[in-house]
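Residue numbers (this note's numbering), protein chains in the order written: chain A, 20 to 272; chain B, 792 to 1128; chain C, 14 to 313.
No lab work stands behind these hints: they were computed from the structure.
Keep in mind that this is a model prediction, so the values were computed, not measured.
Built from N, CA and C at the ideal position, the CB exists for glycine as well.
Hints are not guaranteed to be accurate.
Stretch-level coverage of chain B by chain C, calculated; a stretch enters the list once three of its residues show a Cβ under 8 Å from a Cβ in chain C [claimed, not checked]:
(1) 816-826
(2) 895-904
(3) 908-918
(4) 1020-1033
Negatives, chain B to chain C, calculated, CB over 12 Å [unchecked claim]:
(5) Ala878
(6) Gly940
(7) Val942
(8) Leu943
(9) His980
(10) Glu1069
(11) Asp1081
(12) Asp1104
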Amino acid sequence: MSKNHLELINLRKVFGGVVAVDDLNLSVRRGTITSIIGPNGAGKTTIFNLITGYLKPSGGIIKYDGRAVNGKKPYRVAALGIARTFQNVQIFSDMTVLENVMVGRHLRSHSGLLRSSLLPPFFRKEEKKISCDAEKWLSFVGMAEEAGRSAGSLPLGSQRMLETARALAMEPNLLLFDEPASGLNARETVAMGELISKIKEMGITVVLVEHDMELVMDISDTVSVINFGKHIARGTPAEVQVNPDVITAYLGE
Amino acid sequence: MGRQDYIGLCVFFAVVLTIPFLITNDYYISVLVFAAFNCLACIGLSLLLGYAGQISIGHAAFVGVGAYASGYLTVEMGWSPWMAMGAGVVLVVLIALLIGVPALRLKGHYLAMATFGFGTILYIVAVAAVDFTGGPAGLSDIPAISLFGLVLDTDKRFFYFSWAIVGIGLYFGLNLIHSRVGRGLRAIHGSEDAAESVGVDTPFYKIQIFVLSAVYSSIAGSLYAYYVNYIDPGPFSMMHSVLLLTMVAVGGMHKVWGAVIGAILLSLLPEFLSFLTESFQAVGLEYNEDYNTLIHGSILLLIMLFLPEGLIDGLGRLAGGVGGMINIKRHQDSAGT
Amino acid sequence: MDSGGGFTDLLQFIFMGLQRGSIYALVAMGFNIIYNATGIINFAQGEFVVLGGLMMVTLTMGFTFSIPFAFLITVLFVMAVGILMERFTINPVKNPTVLRLIIITIAVSIILEGSAMILWGKESHYMRHFSSDETFEILGATILPQTLWIIGILILIVIGFMLFFNFTMTGKCMRACAINRDAARLMGINDRKMVMLSFALSAGIGAVAGIIITPIIQMDFGRGTMLAIKGFGTAVVGGLGNSLGGLVAGILLGVIEALGAGYISSHYMDAIALLILLIVLFIRPSGIFGSSEASKLKEF
Ligand SMILES: Nc1ncnc2c1ncn2[C@@H]1O[C@H](COP(=O)(O)OP(=O)(O)OP(=O)(O)O)[C@@H](O)[C@H]1O
Ligand SMILES: [Mg+2]
Chain A
20 MSKNHLELIN LRKVFGGVVA VDDLNLSVRR GTITSIIGPN GAGKTTIFNL
70 ITGYLKPSGG IIKYDGRAVN GKKPYRVAAL GIARTFQNVQ IFSDMTVLEN
120 VMVGRHLRSH SGLLRSSLLP PFFRKEEKKI SCDAEKWLSF VGMAEEAGRS
170 AGSLPLGSQR MLETARALAM EPNLLLFDEP ASGLNARETV AMGELISKIK
220 EMGITVVLVE HDMELVMDIS DTVSVINFGK HIARGTPAEV QVNPDVITAY
270 LGE
Chain B
792 MGRQDYIGLC VFFAVVLTIP FLITNDYYIS VLVFAAFNCL ACIGLSLLLG
842 YAGQISIGHA AFVGVGAYAS GYLTVEMGWS PWMAMGAGVV LVVLIALLIG
892 VPALRLKGHY LAMATFGFGT ILYIVAVAAV DFTGGPAGLS DIPAISLFGL
942 VLDTDKRFFY FSWAIVGIGL YFGLNLIHSR VGRGLRAIHG SEDAAESVGV
992 DTPFYKIQIF VLSAVYSSIA GSLYAYYVNY IDPGPFSMMH SVLLLTMVAV
1042 GGMHKVWGAV IGAILLSLLP EFLSFLTESF QAVGLEYNED YNTLIHGSIL
1092 LLIMLFLPEG LIDGLGRLAG GVGGMINIKR HQDSAGT
Chain C
14 MDSGGGFTDL LQFIFMGLQR GSIYALVAMG FNIIYNATGI INFAQGEFVV
64 LGGLMMVTLT MGFTFSIPFA FLITVLFVMA VGILMERFTI NPVKNPTVLR
114 LIIITIAVSI ILEGSAMILW GKESHYMRHF SSDETFEILG ATILPQTLWI
164 IGILILIVIG FMLFFNFTMT GKCMRACAIN RDAARLMGIN DRKMVMLSFA
214 LSAGIGAVAG IIITPIIQMD FGRGTMLAIK GFGTAVVGGL GNSLGGLVAG
264 ILLGVIEALG AGYISSHYMD AIALLILLIV LFIRPSGIFG SSEASKLKEF
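Okay, chain A solo, but in the shape it has when bound (with noise of 0.2 Å):
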């Protein structure tokens, strides 16, 4: 196993004529917490998007694993055991917030179309497990009480919790955060940070890309630094705060 549990090598991406990630070489160690950060439209969510097949890389390797998986659609890298949240909340709203988490459970569960329509679910065990799993997850985000409600109707920092609780439904090994705390109040905020960081003592290595320096600094291990695609700076919170190119990057010239 290497020690790199996520590698991006000259990964690039561009759009018409706006080169969004710039021969980006940047590394995550397993089971610690890599934030990127970077001003607005620096390429962060691109990355995202790279990592997770949205978006087709206009050249360079993703190794996840030591493996390299480019170009796989967004539902095989998922059933690599990559997850991800959206920086625009993307739940199911026509659902329950129990029935969200269930999807979550989607890749742990296999019955298909025709073991799904001989039976009723209540006579079925496969669905008696995937409820119990997914509430077990609601719990874990602190939400069990909302199971029965209907997701659209909740307010948006429950939202990115359920999103988080779906996300961890999978039981994955990389969970990608775009802008968790982005629209979250102060309170909401600390939670998702203790969230966040009780993922990560669960052995998931967690990608965090987030707006909110002081959630970045208390709970990253190593943060990189990116500008116009380019990676420009990586180190520990206290390193990266005192990089002369990161405070140009933040303030202007």
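Use these hints to put chains B and C with the ligands onto chain A, whose structure you have.
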């Protein structure tokens, strides 16, 4: 886990069993048999449209394929009706794969137009391929189907038979919705990106449900052929595809029960209208089949504008609203005394 | 038709193709105008053509109005229908989903079709040609003066719209809305009015198509669907939103159809045309002209 749905299913079977005792007029029974065909096709369409969120405005073509496969194979090749129905299903699966695989890569308007175009092509073929379909004159002398040696050639027998099949279709549909696959489909509807992020193979799921819904239509078509014993291209036109869409929308797209209710209501509508206008004949108003297009279009538009969730949901909310008002009134009353 | 040899036949088919293709191009243009302003595909586009044709029939044959006067009234009438459609079925929809909008325009389309059937009956309607209906010959191919009218009017409309979108303030505003509605709104453009205008223009173009083709095809109430499908296909082949692409694609489709009908089979002609359009839709939803990036440049 959707217990109400299964209670509903029991009620459904009870109602089906009692109806022929309540309605003795064969004509009305036959109207209900036609409703059953629409119901079956609509259940399939609602799985596709309401749950997976994929539109098709070509589903009447699948009904047509089932009907013509049954008609041609029994009349020209001498197959047994059951065999022919099975062959129709196989044929529809193949056609649905052929059209669905490329079409379901498309979204929204493109998918709508692709299914529209495809439905029109099959309709043109039904009219033009005279050797197989009999052209505009159609195929006649299609045999009746029999079950355990009992020939289903009376309205009442066919009523039980067709509604039993609708019941089975409902049972499968309901199980599917409350399953891993059903959740996967609803997830696709909710957010395709999110569904893929948890590992739902969206292209595969879409094609599966497209094929399944086509199979429902095909069986409806075969049943139609065995009941009417005659088919021509008319009932499989684009207008019928839109009618199926209307039925699903009227009842409520996001519930299989919506499809059932919508199909029954719209199938009975012409009867109701002609009954209604009989009373107004003095005024010179007379219902005429030619008005159907306009009426269906208006219903579809009104539903989409004012009750986009369909009648079940809309009436439920209305009832809830009225109930709420009564409650408030009661509170005020008790406060007054 | 006397078989004046391969070349004459070919020329004959090409003229027929131009004539059909002009109509497809106009329908595609109608699709594009609404699409650019709203992102909606208006499934009722074909009904505008039918209404135009039938109204013109009534005015010229029933009321014996002069052609130019009837032309004007018809176009205004159908534009009014377009505006009503937008006001009462598109504008009030508060949280539109694509699915809902699709179904709404389908509903309007069958309402219009049903009304046309009740008002004008099921039969085809004859209308007199704009000028003489005596054919004349070009290089052995026989041509109706009406064909020249069709091609001429198409050219006029294309030029007219180019001028409108490039040199008038309203036209420029519509283009701005098409490129970026939010930005346009921030610049103070009334995007709601632009949406209404786009329905009016699109209905007007549909009406013109119906008016000019009716002397040749004899309009009936049921033609709208096929026109809509083919017009949409044309718009897609040309790159949705790209009206010049649609123009070329329309002519192309018309000519292919005419050749197919002439040399292969007229029974399956529509089916073949649709099949070609489906294949293009499947293989290149961004259209055959230029790359998918070029298709983003919404030229009117
Ligand atoms: N699908 C796309 N098509 C074209 N350009 C895109 C696309 N996605 C992103 N871009 C461009 O790529 C650049 C990087 O965008 P990205 O969303 O990755 O930034 P980000 O770092 O996530 O910013 P933010 O902090 O605002 O979320 C931006 O210039 C953006 O406009
Ligand atoms: Mg971002």
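Here is how each hint holds up against the structure:
no.	hint	in the structure
1	816-826	violated (count 0)
2	895-904	holds (count 8)
3	908-918	holds (count 6)
4	1020-1033	holds (count 3)
5	Ala878	holds, 23 Å
6	Gly940	holds, 42 Å
7	Val942	holds, 38 Å
8	Leu943	holds, 34 Å
9	His980	violated, 9 Å
10	Glu1069	holds, 20 Å
11	Asp1081	violated, 6 Å
12	Asp1104	holds, 14 Å
The structure fails hints 1, 9, 11 (numbered hints given earlier, in ascending order).
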